[in-house]
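**Student:** Chain by chain, the residues:
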Amino acid sequence: MSLLQPPNSDSERIAHVAIAIGIGNEVFPNQLHVGLLHRGTDGVGILHLCWHLVLKSNDLYDNSMWWVVPQIIPERLQSVAMLCRQLSRTAGASGIPYGFGTFRNVFDTRTGTFKQNEGAGGLTCATFVLGVFNAARLSLLDDETWPQPSQADLEWQVYIANTLKLFEKSAVQGGLTFSQIPAKRFQPNEVAAAAIEKSLPTTFQRIERSAKEIKLLVLGRYLHHLMEGEKNRNAVQVAEKILKGHGLVPNSVRVRQQSESVTLEYKNRYGLRSAMCLTLNSNPSDGIVRLIENKRLSIKADLSRLGEVIEIFDRGKSSQA
Amino acid sequence: MNTYEVCESYLEQEYFTQTDCKSIVTEAKRAYRTGLVMQNQQRQMLMDYEPVNRKMDFLNTDAFARSLESVEYAIQLDRESRVDAALDVICEHFDGLIYRGGFKRVSQLLDLVKVERLSIPLMLGFLTITAPLAEKIASRSNFFQRCKNELVKRCEWREELLKGLE
Numbered sequence: 070m071s072l073l074q075p076p077n078s079d080s081e082r083i084a085h086v087a088i089a090i091g092i093g094n095e096v097f098p099n100q101l102h103v104g105l106l107h108r109g110t111d112g113v114g115i116l117h118l119c120w121h122l123v124l125k126s127n128d129l130y131d132n133s134m135w136w137v138v139p140q141i142i143p144e145r146l147q148s149v150a151m152l153c154r155q156l157s158r159t160a161g162a163s164g165i166p167y168g169f170g171t172f173r174n175v176f177d178t179r180t181g182t183f184k185q186n187e188g189a190g191g192l193t194c195a196t197f198v199l200g201v202f203n204a205a206r207l208s209l210l211d212d213e214t215w216p217q218p219s220q221a222d223l224e225w226q227v228y229i230a231n232t233l234k235l236f237e238k239s240a241v242q243g244g245l246t247f248s249q250i251p252a253k254r255f256q257p258n259e260v261a262a263a264a265i266e267k268s269l270p271t272t273f274q275r276i277e278r279s280a281k282e283i284k285l286l287v288l289g290r291y292l293h294h295l296m297e298g299e300k301n302r303n304a305v306q307v308a309e310k311i312l313k314g315h316g317l318v319p320n321s322v323r324v325r326q327q328s329e330s331v332t333l334e335y336k337n338r339y340g341l342r343s344a345m346c347l348t349l350n351s352n353p354s355d356g357i358v359r360l361i362e363n364k365r366l367s368i369k370a371d372l373s374r375l376g377e378v379i380e381i382f383d384r385g386k387s388s389q390a
Numbered sequence: 588m589n590t591y592e593v594c595e596s597y598l599e600q601e602y603f604t605q606t607d608c609k610s611i612v613t614e615a616k617r618a619y620r621t622g623l624v625m626q627n628q629q630r631q632m633l634m635d636y637e638p639v640n641r642k643m644d645f646l647n648t649d650a651f652a653r654s655l656e657s658v659e660y661a662i663q664l665d666r667e668s669r670v671d672a673a674l675d676v677i678c679e680h681f682d683g684l685i686y687r688g689g690f691k692r693v694s695q696l697l698d699l700v701k702v703e704r705l706s707i708p709l710m711l712g713f714l715t716i717t718a719p720l721a722e723k724i725a726s727r728s729n730f731f732q733r734c735k736n737e738l739v740k741r742c743e744w745r746e747e748l749l750k751g752l753e
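First to last, the sequence lines map onto chains C and A. Residues in the first sequence are numbered from 70 upward in steps of one, following my numbering. Residues in the second sequence are numbered from 588 upward in steps of one, following my numbering.
Chain A extracted, bound-state conformation (with noise of 0.2 Å):
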């Protein structure tokens, strides 16, 4: 397994302790000093360390709860019509909060997410951001069939708006 395996392997666990973050970081960094690592390697393994690094800062501060008030402060933002500055939230505290906080967490707080406080194009966005992780974020299949039914409701409903999206 290699350091970007790892390091993965750690992103998804829910829990796991500061030690071996550290562990990781330690053996990585030893690799870099002592040239085990190709030169093309080593900017990839300083990118490697920074999930990792940034997952320890999640365990020591209340980020999921940060991550609620950033998807209602976008909510706010989409009903106030500025829907770009709504998306850009999101997709900025989305990528924050997968890195720091892991799938499951990412999980939680699709499973809280209204959609129909949503307008199309926020829909989109969330769908659109998670779409590379759809196979790890356990509630997404839910959260994409919760937003197909609230557009069937709005009668908006057209095919090319989710094509691809599942």
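This is chain C alone, in the form it adopts within the complex (with noise of 0.2 Å):
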């Protein structure tokens, strides 16, 4: 995990690409992106693929994400930041679309254009990446080792689908991004994990421990981020504690301070659980969080002491089954 370097490390050492992996949007914390870091002649730029068609490059990168240079010899790195730099100039006349497709050979290094003709049916921003480094001969990770999509990965799916149906520039695809669904899901901080790896392929037996060590880490630094400036930060480090212990991930977040007490809200993003809503109590002198308020939770637990979290009970899963 070392290998992994935070927010505001120095850009410098990246000598030719490295991948980024951060919160997309800040009103979903829990959907987290995934980059290439590349070096050109002007420093380091960002290339992802934000949505349908968007292939965000060329920005200069600004020291936001965490990065991990992968466990490739540089030379072959080098091959990667080239096709990075050919298809800043030219995927955006044509378009990524967004989908499940396959990662394989979805990039005309000719063109650095997106094969639409061979059935790729579309990347999210984790296969796009795969699929950079699988046009330079390249392979981060085993995907036949990948697991068959979760409950919750197929919640995202279906949420994606009719995302994209919502507009009309993409209504097409969410109509084909329908038909691949259930498809197997890599997830930004799995590709992360993978690049850490020694032995590449990885499966995702040797990475499924760092991949979430990674996720945890990613929001727990957001969550910091977000109290910044704010002058009790207790609250925030039991929620963190909360999430951590049970292995709750927030999918939005919102923070109200008034006076002593700091509300968080963690609320899931898909519709089909119930939302948490926690509303802690700190304060800052002696050390003491209480929970003042949980409107869907319902926590048994004695939070006298900073940190000491006993038992959770989440009452609005329990009442759906």
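Honestly, the hints are just simulated from the structure, not real lab data. Hints are not guaranteed to be accurate.
[To be verified] Each computed DSS-like pair below joins lysine-lysine, with the alpha-carbon atoms no more than 25 Å apart:
#	chain 1	residue 1	chain 2	residue 2
1	A	Lys750	C	Lys267
2	C	Lys281	C	Lys267
3	C	Lys184	A	Lys701
4	C	Lys184	A	Lys691
5	C	Lys125	C	Lys184
6	A	Lys740	A	Lys723
7	C	Lys184	A	Lys723
8	A	Lys740	A	Lys701
9	A	Lys701	A	Lys735
10	C	Lys253	C	Lys267
11	C	Lys184	C	Lys234
12	C	Lys125	C	Lys267
Hints in hand, dock the two standalone chains.
**Tutor:** This is how it looks when you write it as structure tokens:
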């Protein structure tokens, strides 16, 4: 994990290519985003697939993301950087559709464009990164070892397909994307975790744990960033421990602070599970944190000491079951 | 055979006339105008015309001579340690050459490249950009072998350097 560099690390150390990971949209911090940092003549640029036909390129990297240099010899990474620059120059013209298709042989290296005619079906931000490496004949992971999509993955895929259908520009692609469900899901943190592995291509089993650690690391840092400048951080620390201890991940976070009370709302994005809303009261002078209100979660916990979380019951989930 | 396949078949041929190009473009445009193609195919069809049009340009220019000049320029940049710039020249130029000139021209060009004059990144650049077309470019396997031999000669040979680029 020491290879993963936090935000504001010196990007001058990126000789050719690095994989960048961070929160894509602050409203939905559960949705991590991944892209490629590549060295060009003007410095380090970032290339990332944001959405349907939205490939952002040539933006200079602003040090806001975590990054890792893949464990691949520099000479080969130099070729990957070459392809990144090629895609930056050309892929914007034809566009890259968003979807859950394969990442193998999707780029025409002679033109730097996405092969629309070969049933590729579209990419996510994560499969875009894998596709660029694949175009350089490098493989970060063995997709055969990736698990079938979980319930949460399916919810996410349906959500994406529905969102694509909402807009005229992407409505057709939305229909195509529906037909690709269920599809194996490659998550940004899994791509970053694969890049850390010494032996490539890696398997899901080898990166499963480190991928989760990366996700919590990025989210934890995000929560701290969220509370920067706030006078009371103890509540956030407790909330973070709750999340870590119980594998809960906020899908959207909003912080309200009124005098000594900090309200942290953790909402699920896809509407299939109940939202969670915790209100924690924290006293900066003695470090004691108390649970004031819990609208959806029933927490039987003695939060009298910072970080001590004893038991959590999700009443919303229980009642649904 | 759909429009895309027809265009591809033209690109496979080394020699064809401008009349061939014009007829395929006319036919595709007619299909486009009369709504025979779905909306999502229209953009693709417009892209399909492009290689044909570019190849028409190629017939009227001495692009091959310019390709040789570009390779020479890339080698010069490489020698000045401006490797990234050299790779960009190769990347852009091979792309254009394949589009305009077909695979036989690229094959001829690869034959002319002296691997002794290339740095390792530039060798890998040539191999990476031509990898998806390995079966179509006749001289590529020979070029790969020449690169491998050169690396051995320089005592730089490592398996991971060329892995996947055969």
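**Student:** Could you work out which earlier hints the structure fails to respect and list their numbers in ascending sequence?
**Tutor:** Structure breaks hints 3, 6, 12.
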